[in-house]
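If you read the sequences in order, they're chains A and B. Under my numbering, the first sequence has 24 at position 24, and the numbering climbs by one with no breaks. Under my numbering, the second sequence has 72 at position 72, and the numbering climbs by one with no breaks.
Some clues are possibly wrong.
[Claimed, not checked] Straight-line C-alpha distance at most 30 angstroms; calculated DSSO-like pairs for lysine-lysine:
id: 1; chain 1: B; residue 1: Lys42; chain 2: B; residue 2: Lys1
id: 2; chain 1: B; residue 1: Lys42; chain 2: A; residue 2: Lys57
id: 3; chain 1: A; residue 1: Lys11; chain 2: A; residue 2: Lys71
id: 4; chain 1: B; residue 1: Lys68; chain 2: A; residue 2: Lys11
id: 5; chain 1: B; residue 1: Lys1; chain 2: B; residue 2: Lys68
id: 6; chain 1: A; residue 1: Lys14; chain 2: B; residue 2: Lys42
id: 7; chain 1: B; residue 1: Lys111; chain 2: B; residue 2: Lys42
id: 8; chain 1: A; residue 1: Lys14; chain 2: A; residue 2: Lys57
id: 9; chain 1: A; residue 1: Lys14; chain 2: B; residue 2: Lys1
id: 10; chain 1: A; residue 1: Lys11; chain 2: A; residue 2: Lys57
id: 11; chain 1: B; residue 1: Lys68; chain 2: A; residue 2: Lys71
id: 12; chain 1: A; residue 1: Lys71; chain 2: A; residue 2: Lys57
id: 13; chain 1: B; residue 1: Lys111; chain 2: B; residue 2: Lys68
id: 14; chain 1: B; residue 1: Lys111; chain 2: A; residue 2: Lys57
[Claimed, not checked] Which chain B residues stay away from chain A? Per the calculated CB distances, all over 10 angstroms, these:
id: 15; residue: Asn63
id: 16; residue: Leu102
id: 17; residue: Val112
Quick caveat, the hints were computed from the structure, so don't treat them as lab data. As the structure is a prediction and not an experimental result, all values here were calculated from the model. C-beta: ideal position from N, C-alpha, C; glycine also.
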Amino acid sequence: DTGVSQDPRHKITKRGQNVTFRCDPISEHNRLYWYRQTLGQGPEFLTYFQNEAQLEKSRLLSDRFSAERPKGSFSTLEIQRTEQGDSAMYLCASSHPLGTGSETQYFGPGTRLLVL
Amino acid sequence: KQEVTQIPAALSVPEGENLVLNCSFTDSAIYNLQWFRQDPGKGLTSLLLIQSSQREQTSGRLNASLDKSSGRSTLYIAASQPGDSATYLCAVSPFTGGGNKLTFGTGTQLKVEL
Chain A
1 DTGVSQDPRH
11 KITKRGQNVT
21 FRCDPISEHN
31 RLYWYRQTLG
41 QGPEFLTYFQ
51 NEAQLEKSRL
61 LSDRFSAERP
71 KGSFSTLEIQ
81 RTEQGDSAMY
91 LCASSHPLGT
101 GSETQYFGPG
111 TRLLVL
Chain B
1 KQEVTQIPAA
11 LSVPEGENLV
21 LNCSFTDSAI
31 YNLQWFRQDP
41 GKGLTSLLLI
51 QSSQREQTSG
61 RLNASLDKSS
71 GRSTLYIAAS
81 QPGDSATYLC
91 AVSPFTGGGN
101 KLTFGTGTQL
111 KVEL
C-alpha cells in the first residue's frame, strides 16, 4: 500500500520528556502537512512543507515543537519538554497540487500522544 | 480568521434514510472545500473535493454542494447504511496562492441504525 504512514501509532510519555513522530508521505507528493486534533474537535493546522522547505508554521507551534523534512521525503515532528496539554492525535497529510484548485490531502492514521 | 461550523453536531437515523449534513464558513475567499470521513481513533479519509469555481461534486451515494457566496456547503448521503456511521468533517482552504492549509469544522457524528 502506498498511503501515508505514521509511526508510532501510540505514544505514552511522562511530562517533561521529548518525543518524536515520523510521517512517510505518499511517494512523489511534494507537500506535507502536520495537524493536531484533540478530542471532539476538528484537526488544527500546525505546519507544512513543500519539498524540504518549511513554508508556514501556525501560532500553535510553540518553540517546543520542531518539524523537519530532510531531502523532501519523510518528515519528523519533535516535541520537547512535553506538557499534559500536548496530549492529542497528531495527523500527517500529503498532497500533490495540480495547480487547478484541486489539491486533495491524504491523511495518515495519526499518532496518538498521551502525556502523563 | 476563517471559522467553520457544522450542524448538527450529532445525528442518528434509521438505515435507508437520505440525510443532509451542513457546513458553513465565514470567509468566502476559499480555494476549495473538502469533506472527510473519520472513524473513531483513526485518520481522515477524503470523500469529495469541490473547487471554488464548482457548484457540486458526486461520488456514489454522496453529493456535495458549494455556495461560496453564502459560505455554505452540504453533504447529501443517499440511502444511508450502518457502514456510513462515522464523523464527517468539512474543511476549507484559503485563497492565498500558497499552502493549502485546511481549516476544519468540529464535525457531525453520524450513527445509522439497523
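Status of the hints after comparison with the structure:
Of the pairs offered as hints, the one joining Lys42(B) and Lys1(B) holds, with about 28 angstroms between alpha carbons and a cut-off of 30 angstroms not exceeded. Taking the CA atoms of Lys42(B) and Lys57(A), the gap is about 24 angstroms. The hint holds against a cut of 30 angstroms. About 26 angstroms separates the Cα atoms of Lys11(A) and Lys71(A), which keeps this hinted pair within 30 angstroms; it holds. Distance hint between Lys68(B) and Lys11(A) is unfulfilled; the C-alpha atoms sit about 40 angstroms from each other, more than 30 angstroms.
A threshold of 30 angstroms between alpha carbons decides the hint, and for Lys1(B) with Lys68(B) the separation of about 16 angstroms falls inside it, so the pair holds. The straight-line distance between the Cα atoms of Lys14(A) and Lys42(B) is roughly 24 angstroms, inside the 30 angstroms bound, and the hint therefore holds. Between Lys111(B) and Lys42(B) the CA atoms are separated by roughly 16 angstroms; this keeps the pair inside 30 angstroms, and the hint holds. Between Lys14(A) and Lys57(A) the CA atoms are separated by roughly 26 angstroms; this keeps the pair inside 30 angstroms, and the hint holds.
Between the alpha carbons of Lys14(A) and Lys1(B) the distance comes to roughly 35 angstroms, so the proposed pair goes past 30 angstroms and is violated. Distance check on the hinted pair: Lys11(A) and Lys57(A) sit about 23 angstroms apart at the alpha-carbon level, within 30 angstroms; holds. Straight-line distance between C-alpha atoms of Lys68(B) and Lys71(A) comes to about 38 angstroms, which puts the hinted pair past the 30 angstroms bound. Between Lys71(A) and Lys57(A) the CA atoms are separated by roughly 19 angstroms; this keeps the pair inside 30 angstroms, and the hint holds.
For the proposed pair Lys111(B) and Lys68(B), the alpha carbon gap of about 28 angstroms is at most 30 angstroms, so the pair holds. About 36 angstroms separates the Cα atoms of Lys111(B) and Lys57(A), which puts this hinted pair outside 30 angstroms; it is violated. A cut-off of 10 angstroms between C-beta atoms confirms that Asn63(B) is not in contact with chain A; the least separation is 17 angstroms. The beta carbon of Leu102(B) is not kept farther than 10 angstroms from every beta carbon of chain A, the shortest such distance being approximately 6 angstroms.
Annotated as non-interface, Val112(B) keeps its C-beta farther than 10 angstroms from every C-beta of chain A; the closest such distance is 20 angstroms.
Consistency with the previously given hints fails for numbers 4, 9, 11, 14, 16, ordered from lowest to highest.
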